[in-house]
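Protein chains in written order, with the numbering used here: chain P, 915 to 1208; chain H, 915 to 1208; chain R, 915 to 1208; chain G, 915 to 1208; chain L, 915 to 1208; chain B, 915 to 1208.
It is worth saying that the hints were derived from the structure and are not from the lab.
Hints are not guaranteed to be accurate.
A pair counts as met if it fits within one copy or between any two copies, since identical chains are not told apart.
[Stated by the list, open to error] Distance condition first, Cα-Cα at most 20 Å in a straight line; then the derived DMTMM-like pairs of lysine to aspartate or glutamate:
#, residue 1, residue 2
1, Lys1120, Asp1006
2, Lys918, Asp934
3, Lys918, Asp1077
4, Lys1104, Asp1014
5, Lys920, Asp989
6, Lys1120, Glu980
7, Lys1013, Asp976
8, Lys1013, Asp1002
9, Lys1200, Asp1073
10, Lys999, Asp981
11, Lys1097, Asp1056
12, Lys1016, Glu1098
13, Lys1204, Asp981
14, Lys918, Asp929
15, Lys1038, Glu1098
16, Lys918, Glu1089
17, Lys1104, Asp976
18, Lys999, Asp1056
Predicted model, so just to flag it, every value in this text is computed and none were measured.
Number of protein chains: 6
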Amino acid sequence: MLNKSKNVETFLGCDANYEDARIVLYGAPFDSTTSYRPGTRFASRMMRAESYGLETYSPYQDLDLEDAAVFDGGDLELCFGDTQKALDDIHDFAADILKDNKLPLLIGGEHLVSLPAIQAVYEKYPDLCVIHFDAHTDLRDDYLGAKLSHASVIRRVWDFVGDGRIWQFGIRSGERAEFYWAKEHTHLQKFNFDGLENAVAQLKGKPVYLTIDLDVLDPSCFPGTGTPEAGGVTFMQLFNAMLSIIQGCQVVGCDLVELSPMLDASGASTATALKVLREMLLGLEKPFIKPVQI
Amino acid sequence: MLNKSKNVETFLGCDANYEDARIVLYGAPFDSTTSYRPGTRFASRMMRAESYGLETYSPYQDLDLEDAAVFDGGDLELCFGDTQKALDDIHDFAADILKDNKLPLLIGGEHLVSLPAIQAVYEKYPDLCVIHFDAHTDLRDDYLGAKLSHASVIRRVWDFVGDGRIWQFGIRSGERAEFYWAKEHTHLQKFNFDGLENAVAQLKGKPVYLTIDLDVLDPSCFPGTGTPEAGGVTFMQLFNAMLSIIQGCQVVGCDLVELSPMLDASGASTATALKVLREMLLGLEKPFIKPVQI
Amino acid sequence: MLNKSKNVETFLGCDANYEDARIVLYGAPFDSTTSYRPGTRFASRMMRAESYGLETYSPYQDLDLEDAAVFDGGDLELCFGDTQKALDDIHDFAADILKDNKLPLLIGGEHLVSLPAIQAVYEKYPDLCVIHFDAHTDLRDDYLGAKLSHASVIRRVWDFVGDGRIWQFGIRSGERAEFYWAKEHTHLQKFNFDGLENAVAQLKGKPVYLTIDLDVLDPSCFPGTGTPEAGGVTFMQLFNAMLSIIQGCQVVGCDLVELSPMLDASGASTATALKVLREMLLGLEKPFIKPVQI
Amino acid sequence: MLNKSKNVETFLGCDANYEDARIVLYGAPFDSTTSYRPGTRFASRMMRAESYGLETYSPYQDLDLEDAAVFDGGDLELCFGDTQKALDDIHDFAADILKDNKLPLLIGGEHLVSLPAIQAVYEKYPDLCVIHFDAHTDLRDDYLGAKLSHASVIRRVWDFVGDGRIWQFGIRSGERAEFYWAKEHTHLQKFNFDGLENAVAQLKGKPVYLTIDLDVLDPSCFPGTGTPEAGGVTFMQLFNAMLSIIQGCQVVGCDLVELSPMLDASGASTATALKVLREMLLGLEKPFIKPVQI
Amino acid sequence: MLNKSKNVETFLGCDANYEDARIVLYGAPFDSTTSYRPGTRFASRMMRAESYGLETYSPYQDLDLEDAAVFDGGDLELCFGDTQKALDDIHDFAADILKDNKLPLLIGGEHLVSLPAIQAVYEKYPDLCVIHFDAHTDLRDDYLGAKLSHASVIRRVWDFVGDGRIWQFGIRSGERAEFYWAKEHTHLQKFNFDGLENAVAQLKGKPVYLTIDLDVLDPSCFPGTGTPEAGGVTFMQLFNAMLSIIQGCQVVGCDLVELSPMLDASGASTATALKVLREMLLGLEKPFIKPVQI
Amino acid sequence: MLNKSKNVETFLGCDANYEDARIVLYGAPFDSTTSYRPGTRFASRMMRAESYGLETYSPYQDLDLEDAAVFDGGDLELCFGDTQKALDDIHDFAADILKDNKLPLLIGGEHLVSLPAIQAVYEKYPDLCVIHFDAHTDLRDDYLGAKLSHASVIRRVWDFVGDGRIWQFGIRSGERAEFYWAKEHTHLQKFNFDGLENAVAQLKGKPVYLTIDLDVLDPSCFPGTGTPEAGGVTFMQLFNAMLSIIQGCQVVGCDLVELSPMLDASGASTATALKVLREMLLGLEKPFIKPVQI
């Protein structure tokens, strides 16, 4: 009855050993630059705890996490108040995962945590393209003078990947200057996923990082986030778009950010984030799972 | 001014005497086997109180609860911690209603409370078929060893109704084994109500029990439930599906379960549950309501 | 660094001086007749505070509030418990704005606050027509004996505008008598915006007051209101309907009512109300904004 | 098993018939003049529902509600938005109770509901004295012009009982003018119950109305109220003060007001209000309860 | 940087290996028999997560958890809906700990989880005495027919320890019959800790189990529990009483039960429970910690 | 009726012009280094809005804010994610106030915002002493490597004021090393205000900065803070201690920090913070207010 080893907590069904895993999941509980309502720091911890309300099996993909090989690396202990140091720690963690030829899957935290993760992936894959699902452009050059801000994260990514390497979908909020800047420098699709199939076709064979700010979802299905924006996509639209990319591109890194559990009184947003995570993991693992014989 | 009789509380518009009523409404405030977030025990009480924010008139069906004959039997006092005893009490209450040739309409509580209600109806109608709206299969043979569990309720119903007598719609969560088992034993429609018209056609003339786990609704319109599952149906889809059944089949018993008011910070889920209840009552009473002359 | 003038608080981007403004925004924090769940009194205050999470730019209309000329008159200090006095104060405030040939835009409060605002506009434009978006008919002649009630507001408007001058959309709740009364006296469209284009065509060139009870939105996108009603419209449907009217008619007054921040645990309803407000302001200001040269 | 009479809901242990009862409990769910945070309208309803978490037995007084004879008259249906009409209804209800020689015990609602109840008692007992427990003076002559306001209720009582007939305890908030006015017209004890024994001695044999605004309690033990004021009394201090009065005076009417359940996230304030109510009822009934023989 | 072993989660400072530990902490997330507001099932999980807001050092005892040897065994996976089975699992877990000569420290869950833990300790120490801190007597013989209930737990303990072996403190709620029964069978101190020193003196040298229902605390300092009872003790009173026992008796088992995180909106109750736990652990470990040399 | 000047929002009763004011109030909405539960950034905004539930008159001091001369400078717009820049902005704002010979009174935000405010005051008064009320030592040299942290703020103050210039009261949480370090460098009083009179006597005539972390209050009266610590002081104890200092010393700067409105479901903590603020302002203004003649 009595388990004499220490209490292990992982996301449901993510109990592979590090050595056996192809995907390494980890949390970056950081939200120091969030200018409005903080709280995304609690997302990974809450998702891990609540994952036990989920099933490992997906009736959408007819796949089961029990057949996948995912290691949960826990949460990084990040320094609040020293943004650069926190980002450096995320970068080094992701780089270590990549060195072992595993795919890093980051759970935010605010969107800024994606920056060092993308940087680390870019260092391994210099021809990296980035697909960005979000309600917000995240293209400001700075926010009240700070270059490192949740509102600037994709602009900072552009600093190293450069023009034409970023595809943005679902965008419905930003400053005028950001939308106009995007016309020159990124592929920005307002409001929805129109043009996604075309993007996937163009990106075929290239290494792709997929960064999902969950506020791309409409607040009706995802109220639990700091800056909810009406007019977003449904869960099924997000699911289909995400699968298109996973099946059509070579995804080499990805993340889910901006769940804010303190704003999720019913728990439905956390449950939805977990379902997106499960389907993402299963989509990535599909080529490696043997069909079930029944 | 002063009312000298005791304070009576019923669902809005459900103020018929027992003798005159065709439908008997009652609450089963029980959630002891809920493995995740409890609280459905408060649903019937909260629905009764909040029903005064609703209108008795339906602009959808152009019918008014004031013309219906519904008795509200209040809430059963059920024993927490002794599941079998609680279920027995529900069974006996439903059986008494049926003996008087009235239709029992149960408000949960967790889904397990449907089991004794269906059992009682089955004892009167041995050729009973069951239509099941839910996000979850509820087909586990046991849950951590317990045969009587919210996760097993439809499996327990199958124990007595047998193969081919259960139609499931909207299902989008469960273990792999449950989905595979369903292929042999129930009619299971994943995700939506496709095939409902066909089912109604087949069930014409047969006694039908309709059990609605409100989490069949998408969390966007029904966050107030213990295990919200993204990708569900809209209120209007549920409304239309429910009316199809009520109009096309001989419904002899029904229930609404799994509202969890503690998770319904805005009250919108409770209001939606009440609207489903009103339309269900009006649909059932329609043949007995004389047209209004204006 | 130090600002030695007093602390000014306005809705984001609504910082014109009174003299320069074409639109005057003001709050009427009153909910005394709310029969069910009060709290709309906090809407304007909360919207003002939360507006700093919004952007001034609309990617929908490609317009920016920074180019608009809107004055924020703050919130009226209204007397709770003396309904007539509160309504008189709103009336006089709106009349003053109209005298200066500015458009009054009212933020409720409960829906009853629209009555004196519409009255003031009607006094200036005796051929006024009213377009009413709402889940509820609001056509009761009285509520528990009170003629001045949130449930009677449109009936009171009819008292002076008369038959055929009120267009109602999205209505899905009310007493039977209200729906039947509407057949004789107003244009009432149940459930949705069907027929709106036709109404706009008929109203071309006539002065129009647009009153939006935000509960016309489905509770999935707007749970934060006192009497949420399932089966409503989406944000995009509301946005499109609102723009049709603003572009097709001569809108001379308008309001947004019934946000209840205490019921908006996630803040998503407040954010949505703000987005509706921004688009309303930009739509009204569009003819006066010079195109940006980039 | 099946109860064929309508669903009766009373406060726990208050199930006497009207005829047999010495005390009549009733709720006045009204908060229209509340200038700050509304919600006391839900107090009586919530207290009734939550009373089932309480025991009928008091270990403090060694008495049991099962031996008391209390009738629960339910909640009045009061008109929001027409203050005078609502107060008239409360007055008439209380007057009816008094005519039958029963003691009216009112559950608010905001404090203004005490006014008509005290008026009705005063009409029967013209030498009535009033004992007032509160954090606030409630002695304004008007509030934004309204004479009938929660902030004026004791001033309005003074209008008919006159100088020296009102004893106030626990007061720690008000305008300067109110405190200065009180020096001339009432007995006002700041902060605590000092002098209560003396008051009781003076009031011996005279009819007394006891009105308890529950915010007299410190917010630490009673946060669930609209205007919490630090520096209040403890539950045991309130309990002892209340018992002193009940045992030392001839209490002919009383009330408990200003519980606001929407502000009571934990439920502890509602539970405390119920405990105060139980002890009040038992104290009043003590002379009529026969000792238990065990 | 990268930790390649699985994510371990323990209470702050409780990171000893099983072999080295003198105390084994474990959670029993069970609340199936809770008749009122459920949710204590989340207590151990939430306490573990929130413990990172606590310090390991106690300025009260000048001791540090870093010097203690405590193993955190995680949470048992208990069957909801089959009470006996859940209790058996707790019993076996505690028995295993005792077999290894370690002290079992249980975190509830509802109070019923203490029963099997006390039973296991009793089997090892047949002369066991029980000290019980609680607001409630917990002495019912059954609750709605169920012998195994949170309201009966101490009565069930009496079934095997017998008369005069149970000391109860802080009790302020129960049925009359329970208080009268206690006079014959237990040492029951109403309201406070009077007589505790005397009890400690009598129990000197005897094995003692200390069971703390945290609702013994006043709701002002501990609102986050299912049945808050006004008139309780302060944190410092509880702390001092607990230390008296730990220092004066031979404590061989203990527990903390009835924290309900869903009712703890501010987190203060969880933080207080953690502080009680820290001081309990440090008090128990004090004889084994070497003084710090600074 | 119509106010044509922009909407001004100040703390209740703090409506002096800058030139006339002796005290300048301002908010520093910053919480980026908060390691646990963020949200103090909303404190000043929420306090300003909620201040309208307070009275301007203090029955404790018999003084009225209407007779005081306080300017409300609004909230600074601080950069999240760049701690040094945010602190610099606070410093410069405070320095400007001091240059004009006014007293700066800062509303946090997290405790770190006190650092630049104290620094600015120290630059003017090099013999400054600091009195610190808090539950926590705040004496860490760094927190996860960051020197600028809420947990290090008093240590950073020590960096410039040096040994023996800091008096700490109410402290009941910290690392062992902090408590031991304090023995050499500060005057630290654990748990309460013992010794305060003595400190005041020693500090007579010296310039004093008073920094109040509101979590010095017991969580029973102040749950709305990020790291609540049981065993704190009552409101009246804090009030008396604060007045002792204001009356006995030459207070030249002060602050109130660590209210976290998101954790204050009932609003009682915000109301308490406001009452502390009112009494602080009145205490400071007392020498300048002429007695009222009545």
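Against which earlier hints does the structure fall short, listed by number upward? Checked against the structure, the hints that fail are numbers 1, 3, 4, 6, 7, 9, 10, 12, 15, 16, while the rest are satisfied.
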